[in-house]
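*Asks:* If you read the protein sequences in the order shown, they are chains A and B. Note that my numbering has the first sequence beginning at 5, numbered continuously upward. Note that my numbering has the second sequence beginning at 1010, numbered continuously upward.
Please keep in mind that the hints were generated in silico from the structure rather than gathered at the bench. Using N, Cα and C, we set each Cβ at its ideal position, and we do this for glycine too. Worth double-checking, as some hints may not be accurate.
Here are the simulated distance ranges between beta carbons [said to hold, decoys possible]:
(1) Q1129(B) - Q112(A): 46 to 52 Å
(2) G269(A) - G1378(B): 38 to 44 Å
(3) N1138(B) - Y193(A): 35 to 41 Å
(4) L1135(B) - E423(A): 50 to 56 Å
Chain by chain, the residues:
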Amino acid sequence: MKNYDIVIIGGGPAGLAAAVAAFDAGQKNVLILERDSCLGGILNQCIHNGFGLHTFKEELTGPEYATRFIEQVTERKIEYKLNTMVMDLSPEKVITAMNREDGLFEIQAKAIILTMGCRERSRGALNIPGFRPAGIYSAGTAQRLVNIEGYMPGRQVVILGSGDIGLIMARRMTLEGAKVKVVAEIMPYSGGLKRNIVQCLDDFGIPLKLAHTVVDIEGKERITGCTIAAVDEHMKPIPGTEEHYDCDTLLLSVGLIPENELSRGMGVALNRVTNGPTVNESLETSIPGVFAAGNVLHVHDLVDFVSEEAEAAGRNAAAYVAAGGEETELNEIPVEIEGGPRYTVPATIDPKRAGDKLTVRFRVGGVMKKKSVNVYLDDERVVHRKRPVMAPGEMEEVLLTRAMFDKHPDLKSIKIKVEEE
Amino acid sequence: MYDIVVIGAGAVGCCVARFLSRYKADVCVVEKAEDVCCGTSKANSAIVHAGFDATHGSLMAKYNLEGNLMFPGLAKELDFDFIQNGSLVVCMHEEDMPNLQKLYENGVANGVKELEIVDQKRLRELEPNISDNAVAALWAPTGGIVCPFNLTIAMAENANTNGVEFRFNTEVTAVVKNGDHWTLQTKNGAIDTKYVVNCAGLYSDMFHNMVSAKKIHITPRRGDYCLLDRAVGEGYLTHTIFQLPTRLGKGVLVSPTVHGNIIVGPTAIDIEDKEGTNTTAEGINDLIAKAGNTVKNLPIRQVITSFAGLRAHEDHHEFILGEVEDAPQFIDCAGVESPGLTSSPAIGKMTAELLRDKLGLEENPDYNGTRKGVLNPKKLSKEERTELIRKNPAYGRIICRCESISEGEILDAIHRPLGAKSLDSVKRRTRAGMGRCQAGFCSPRTMEILAREWGVDQSEITKCGGDSKLILGIPKDRAHKEVQP
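Extracted from the complex, chain A is given alone in its bound form (with noise of 0.2 Å):
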């Protein structure tokens, strides 16, 4: 059996960040186990620009970040493995693999960072009632099957959800020749960014219909229409508001859930809310030595927070790699929510290993306006920021700092409070 002191689980944008970033913390002896023919995850089928602003303060396309990172990891000789599918891992941090080459094989680590990304909610998963015809796709599939195998999957769109993605492939099918003819979205709100509303929606005439959602989908072997009606605030559709669109294809992008099999089969915590592993400061599951970021964590909207994360759990690896795999006994406090987030990562916070800076992100359950966010260590306020505007599609932020901490040295709670403004 090969060793290993960190093996990362994913060679997508976070398991890139987090090879970088351990390897730099001082730890060399790093693998990135990926299952695709290249690194780089889903940014490889993500060809339009808005990808780096904030790391890059450019605007580069999902490959061109991606190759910034591949570059890094290149530059630095960290090893990886491409074709290779990580088939189980043990609370022991014994990685059993397959690829080609090597057949089924197992390493050891003495750390593992969790990035294997998140996977998109299926049809089946809705219980949309209908025929099950083909025409039906995912839009990351549609996605790779446009951008990168070089396929129309359809020519006449309808698009369930306002996902991310879902924006992007409707702008996407508009540009490659086909007609989008609605947005369809459960919700009375988009759970996509603003600016993909704009710019992918709007600026192309396509209609969103918000608290409106698929009843029913017609042809035997192809789509050949399906019916849109408005849904009631328990989200059940309402009689008399059915409209019929003739189309042949339905794209569906209704949520991403991060991919957790393996974590789960570990025995590492999962939470409820997020359908990720629960995490301390330090990014580190429930198991000590594994960390976990990026998408599988938590679903991003941005893949710039994802690369900062990952960076996070790249140190924190290294650094506990460093001590030897001990770990000092740790003082964590339960990070409490109040009037609007639903979670928070990281869930638990040890000021002592809380580091200079530490970033919490959050997502509320609805939309809110002019409200504020604040922080309390113990009765103090420490973060207060007005919020015109927060929505469950913009993952929102607070920034905590050593200084912050070293006032509070009993403390005893951590609370993250939605107020008026």
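Since the structure of chain A is provided, determine the placement of chain B on it from the hints.
*Replies:* Relative to chain A, chain B alone:
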């Protein structure tokens, strides 16, 4: 001129073909779809019924029991997934106990072995997740679960290996008596045959009525199902759980599948359209409402897909088997609905023996009744699997992440007898695309492999044959056409 033509390559048609293949005869199976197992056989409860339910003295009772007894042996010979997990008919109200007793007695009369009525305590030991309201149950240890795709595919492959011809995409439009033989009009020309076996499922009334004055009538009875994630299936349930019908109606069954999912269903809605396999919101909501009646803590939200199948319900709820009285040389296997899947091997064997006697068929000396399924590397040891990948690296490339299906398995499915040509036919043979992402990740890759292996462009690959095309062109092709007239 064929000796025998079987209409329909569902479970029954393929079982007839397989049992016929042990005799020397020219046999052909004609099927309107692009593959076997495309109708009722692909969308049902996947249960091997013990045989206590069918009315004593009926053909259903007889063939159910005979079929049930054949399954353990056939699963070995033909290498398909079958588990004798036992079934429980759960009684929810004290007042219904006499009906449970009646069911027990009917089962005993039908010849079902090992039946037992178990009390609440024993029931809970057998199945910890049974509803707290359950008062007792009929326990049938001989009940089982099967992969209906692999059962049908195994029968067809074995028949084909032993010389039975299969013609797909060949819809029969008319059956005409032509002197001493039948002529079948199909979309691909006429086929002459001495004998016809009608295994047309939902359409078996149509073919029967073409040749007989004694009309029969089949109603498509739709059943909606939900399939839950394998993560739910692990350890949740061992037995197939039926609800004893009450005055409020029939419940739905909750069962593990041979692949570790949980299946919930079916509804029973009579419809007109023989192709009406669309689920409805009412049907699915009905299932969700009833699913928790017999079991507790069922995470019904973890559904990965819902689908509907159609039972071929004959007006008298009975199989119609054997030579049609006023149409000699025309054999019916009609009205085969539940327990049809369980009965199919017994019906196949009986029908083959009937034809042997009618035609005086001799044993086929080259007959080999065994078949190996698509190699499942998960059943190998680590060493064996590594050796397999060394010999054939395709087994080291995972295509379907959710079910861990390798390229090797997909190639096996494509290159075996009656090999897979479409996404769905790969799925039924290997499970690629059957997991929680429902083929989101693997379909472009499977399409690529299918196109490469069959030597066609990807745009020719279909989901399930016919017009079920997956790709409708290339990017900007319309724009190019406009620029270059």
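*Asks:* Given a hint of 38 to 44 Å, does the C-beta separation of G269(A) and G1378(B) actually sit inside it?
*Replies:* Hint holds: Cβ distance 39 Å, inside 38 to 44 Å.
*Asks:* How does the Cβ-Cβ distance of Q1129(B) and Q112(A) compare with 46 to 52 Å: does it lie in that range?
*Replies:* holds, 49 Å
*Asks:* Do N1138(B) and Y193(A) keep their Cβ atoms within the hinted range of 35 to 41 Å?
*Replies:* With Cβ atoms ~38 Å apart, the hint holds.
*Asks:* Should the hint that L1135(B) and E423(A) are 50 to 56 Å apart at their CB atoms be regarded as holding?
*Replies:* holds, 54 Å
Against the hints set out earlier in the document, no violation occurs for any number.
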